[in-house]
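Protein chains in written order, with numbering that gives the first Met the number 0: chain B, 0 to 192; chain A, 0 to 441.
Mixed in with the good hints there might be a few duds.
In silico lysine to aspartate or glutamate, DMTMM-like type, Cα no more than 25 Å apart, as pairs [unchecked claim]: (1) Lys17(B) - Glu140(A); (2) Lys133(B) - Glu168(A); (3) Lys212(A) - Asp72(B); (4) Lys138(B) - Glu140(A); (5) Lys74(B) - Glu6(A); (6) Lys147(B) - Glu6(A); (7) Lys31(A) - Asp72(B); (8) Lys74(B) - Glu168(A); (9) Lys4(A) - Glu183(B); (10) Lys10(A) - Glu183(B); (11) Lys17(A) - Glu134(B).
From the structure, some residues in chain B lie toward chain A, with a derived Cβ separation under 7 Å [unchecked claim]: (12) Leu41; (13) Lys42; (14) Pro59; (15) Ala60; (16) Glu65; (17) Asp72; (18) Leu75; (19) Ile151.
Among chain B residues calculated to face chain A with C-beta under 10 Å, some are [stated by the list, open to error]: (20) Ile30; (21) Ala34; (22) Asp36; (23) Gly37; (24) Asp50; (25) Met61; (26) Ile69; (27) Asp73.
Treat the hints as calculated values from the structure; they're not laboratory data. Just so we're clear, the structure is a prediction, and the values are computed from it rather than from any experiment. Even glycine gets a Cβ: it sits at the ideal position worked out from N, Cα and C.
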Amino acid sequence: MPRQHRVVIAINDDASRKNIGAMLQAAEFLIIGEATDGITALKLIRVRQPDLVIAEVFLPAMSGLELARIVSDDKLAPVVLISSNYDHATLEEAKLAGAFGYLVKPVGEASLIPTVEIALSNYSEVVRLEEQVKELQEKLETRKIVEKAKGILMHTLGLTEAEAFRKIQKQSMNKRISMRAVAEAIILAHSLD
Amino acid sequence: MEQQKQEIMEKARQLGVKFVRLQFTDVLGVLKNVAIPVEQLEKALDGELMFDGSSIHGFTRIHESDMYLRPDPNTFTIFPWRPRDGAVARLICDVYNPDGSPFAGCPRQTLRRVLAEAKKMGYTMYVGPELEFFLFHVDNEGRPLLETHDQAGYFDLAPVDKGENARREIVMALEEMGFEIEMSHHEVAPGQHEIDFKYSDALDCADKIVTFKFVVRTIAQRHGLHATFMPKPVFGINGSGMHTNQSLFKNGENAFYDPSTPDQLSQECYYYVGGLLKHARALTAVTNSTVNSYKRLVPGYEAPVYLAWAQANRSALIRIPAKRGLSTRVELRNPDPSCNPYLALAAMLAAGLDGIKNKIQPPKQSEMDIYHLTTEQREEMGIPSLPGSLKEALDELKQDQVIINALGDHVFEKFVEAKTQEWDCYRMQVHEWEVREYLTKY
Chain B
0 MPRQHRVVIA INDDASRKNI GAMLQAAEFL IIGEATDGIT ALKLIRVRQP DLVIAEVFLP
60 AMSGLELARI VSDDKLAPVV LISSNYDHAT LEEAKLAGAF GYLVKPVGEA SLIPTVEIAL
120 SNYSEVVRLE EQVKELQEKL ETRKIVEKAK GILMHTLGLT EAEAFRKIQK QSMNKRISMR
180 AVAEAIILAH SLD
Chain A
0 MEQQKQEIME KARQLGVKFV RLQFTDVLGV LKNVAIPVEQ LEKALDGELM FDGSSIHGFT
60 RIHESDMYLR PDPNTFTIFP WRPRDGAVAR LICDVYNPDG SPFAGCPRQT LRRVLAEAKK
120 MGYTMYVGPE LEFFLFHVDN EGRPLLETHD QAGYFDLAPV DKGENARREI VMALEEMGFE
180 IEMSHHEVAP GQHEIDFKYS DALDCADKIV TFKFVVRTIA QRHGLHATFM PKPVFGINGS
240 GMHTNQSLFK NGENAFYDPS TPDQLSQECY YYVGGLLKHA RALTAVTNST VNSYKRLVPG
300 YEAPVYLAWA QANRSALIRI PAKRGLSTRV ELRNPDPSCN PYLALAAMLA AGLDGIKNKI
360 QPPKQSEMDI YHLTTEQREE MGIPSLPGSL KEALDELKQD QVIINALGDH VFEKFVEAKT
420 QEWDCYRMQV HEWEVREYLT KY
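Taking the hints into account, I'd like the entire structure generated from these sequences.
Rendered as structure tokens:
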């Protein structure tokens with residue numbers, strides 16, 4: 000059996016919170032925390048680290064939008080928002096807050112479960128892509144720095160490009176530090192004179 | 000300058016900065032923000048951005064409201080909490096008049112001016128602060144409470160204190176912003192924390208103090224907590240201080256260190272202490288600038304009360320920690336984090352420099368526990384006290400020309416005006432204690 004997804008629900012009104020909790024439980028989700036206000040929800044999410052957050056747009060103390068913004072900025076979990084209306088302004092704010100889904104009350108199983116499932120899969124895709132972007136950015140940055148260091152070596156020691164690259168590579172292996180660190184040291188040393 | 004500008008623009012581009020906050024403080028030390036889209040960054044860096052100074056406390060009168068912000072490129076940094084729609088950067092600014100002269104009501108310029116005076120004497124001031132603060136819960140309507148424990152019992156998973164998690168993230172955020180954190184720990188009182196960062200030159204340090212307060216408040220809020228730098232939030236437990244370690248450097252050497260003397264302290268160090276002690280009572284108006292500050296400066300809670308100095312004694316106002324060499328320093332223990340750090344550092348430095356200029360010998364060190372002396376014993380030993388209230392401190396300030404000169408007339412007038420108002424407002428309130436004490440008695 001695959002691992003159950005762990006959910007925190009933040010809905011002010013008891014009846015609809017219980018109702019949504021029951022629908023999720025029936026679909027094999029694990030409810031690990033419930034809150035009736037935004038602040039308590041935020042603390043619960045920080046401490047219990049759920050896979051998914053379901054939050055009402057209107058919440059006391061801290062609105063669902065503010066909650067979603069913090070949870071998404073800090074990459075804690077995907078947030079699905081729930082509201083009784085879907086006016087343009089609220090939708091815009093929900094987008095800015097980084098919500099992964101938006102449901103309009105009354106919420107039935109037929110809309111809840113697909114929305115939640117899609118949010119979870121989109122979120123893991125976003126996380127994967129973000130990691131990839133970060134990795135590529137680092138590689139690109141390293142390449143730029145190594146290029147620059149190569150240029151310095153070619154110019155000052157009269158080496159060919161391949162020789163300069165080999166020199167950096169060798170130093171990196173001998174000193175057991177990254178090529179980027181070697182390249183940065185070369186650039187720094189060069190900027191001194 | 001041009002190169003630095005290009006570097007910042009490049010960095011902003013690389014990091015995907017969408018907005019830049021131009022920051023400065025008013026006379027009371029409140030951090031102000033002017034947010035601009037990144038497209039205006041170049042204009043801002045050229046010092047061409049204007050704002051309406053009349054809307055800000057202690058700035059100007061209405062007819063001289065146009066002020067220019069000139070960002071200090073060394074203060075460029077990215078906020079670590081990164082919104083999805085682009086990073087936010089900040090720059091701390093100096094405020095200038097339309098004619099290009101430094102604006103007299105800008106606290107950062109006040110500190111710059113006193114630092115320049117020190118420079119003329121050959122000195123650079125280094126400062127290492129120790130900031131304390133409380134993390135409190137908020138109720139389910141978002142209002143801060145004085146609670147340090149969570150009554151709902153929701154957070155049974157955290158072993159010791161929910162503050163630990165928030166503090167860890169605060170430390171991480173500060174480190175990302177270039178702070179070198181020396182130490183961070185839970186303090187004596189429940190919910191109280193201390194984070195110390197590495198000493199640096201006074202201007203950088205003052206910038207770091209305002210940044211620090213801003214970061215702590217923001218991260219706390221993002222954890223559903225409220226951070227306060229109020230000096231004494233709860234009666235009966237320790238308050239929050241900002242012990243200020245300070246030293247002067249001359250030609251790259253610590254001017255307070257002299258290996259040839261028995262205690263390895265230089266004559267300059269003695270004079271600096273003499274100056275601090277001489278001006279301490281006036282200085283306090285600036286370093287402890289709220290009504291509440293004086294509720295921290297009472298006996299029994301590790302806060303200083305009496306004008307004394309010592310090498311080991313932690314009950315003294317000034318302590319000289321045992322470290323020597325480059326780390327030789329004077330620790331002034333009365334400042335609290337509600338002060339305006341630019342003005343506080345300017346005033347402390349001016350007091351110390353006055354000591355050096357006029358060769359003010361400090362009184363003998365008191366190595367005994369001054370808290371437990373009787374009033375008569377203290378009088379016999381000639382140990383005066385710090386002011387007992389904001390009012391008393393303001394009266395002292397008004398008579399101390401050295402500190403007034405350090406602040407400059409504009410800042411001094413605005414400061415005293417605002418603080419006198421604050422005192423009067425407090426004085427006229429009927430406090431809870433009075434009702435409890437007198438309502439049934441009379």
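Hint check:
About 22 Å separates the Cα atoms of Lys17(B) and Glu140(A), which keeps this hinted pair within 25 Å; it holds. Between Lys133(B) and Glu168(A) the CA atoms are separated by roughly 21 Å; this keeps the pair inside 25 Å, and the hint holds. A hinted pair counts as satisfied when its Cα atoms are at most 25 Å apart, and Lys212(A) with Asp72(B) qualifies at roughly 21 Å. The straight-line distance between the Cα atoms of Lys138(B) and Glu140(A) is roughly 47 Å, outside the 25 Å bound, and the hint therefore fails.
Between Lys74(B) and Glu6(A) the CA atoms are separated by roughly 29 Å; this puts the pair beyond 25 Å, and the hint is violated. Restraint check: the Cα-Cα separation between Lys147(B) and Glu6(A) comes to about 17 Å, which is no more than 25 Å; the hinted pair holds. With a C-alpha separation of about 24 Å, the suggested pair Lys31(A) and Asp72(B) falls inside the 25 Å cut-off, and the hint holds. About 14 Å separates the Cα atoms of Lys74(B) and Glu168(A), which keeps this hinted pair within 25 Å; it holds.
The straight-line distance between the Cα atoms of Lys4(A) and Glu183(B) is roughly 22 Å, inside the 25 Å bound, and the hint therefore holds. Restraint check for Lys10(A) and Glu183(B): satisfied, since their Cα atoms lie roughly 17 Å apart, inside the 25 Å limit. Distance hint between Lys17(A) and Glu134(B) is fulfilled; the C-alpha atoms sit about 22 Å from each other, no more than 25 Å. Taking 7 Å as the C-beta cut-off, the interface hint given for Leu41(B) holds, the closest approach to chain A being about 4 Å.
The closest approach between the C-beta of Lys42(B) and any C-beta of chain A is roughly 5 Å, which is under the 7 Å cut-off, so the hint is satisfied. Contact between Pro59(B) and chain A, as hinted, is supported at the beta carbon level, the nearest pair being about 6 Å apart and thus within 7 Å. Because the smallest distance between the Cβ of Ala60(B) and any Cβ of chain A comes to about 4 Å, under 7 Å, the interface hint for this residue holds. Restraint check, Glu65(B) versus chain A: the minimum CB separation of about 10 Å is more than 7 Å; hint violated.
The closest approach between the C-beta of Asp72(B) and any C-beta of chain A is roughly 6 Å, which is under the 7 Å cut-off, so the hint is satisfied. For Leu75(B), the suggested interface contact is broken, since its CB lies about 10 Å from the closest CB of chain A, more than 7 Å. Because the smallest distance between the Cβ of Ile151(B) and any Cβ of chain A comes to about 19 Å, over 7 Å, the interface hint for this residue is violated. Because the closest C-beta pair between Ile30(B) and chain A is about 14 Å apart, greater than 10 Å, the hint is violated.
With a least beta-carbon distance of about 8 Å to chain A, the hint placing Ala34(B) at the interface is held under the 10 Å criterion. For the restraint placing Asp36(B) at the interface with chain A, the shortest Cβ-Cβ distance is roughly 4 Å, inside the 10 Å limit, so the hint holds. The interface hint given for Gly37(B) is met, as the beta carbon of that residue sits about 8 Å from the closest beta carbon of chain A, less than 10 Å. Nearest Cβ of chain A to the Cβ of Asp50(B): about 16 Å, over the 10 Å cut. The hint is violated.
For Met61(B), the shortest C-beta to C-beta distance to chain A is roughly 6 Å, which falls under 10 Å, so the interface hint holds. Contact between Ile69(B) and chain A, as hinted, is supported at the beta carbon level, the nearest pair being about 5 Å apart and thus within 10 Å. Look at Asp73(B): its Cβ gets to within about 7 Å of chain A, closer than 10 Å, so that hint holds up.
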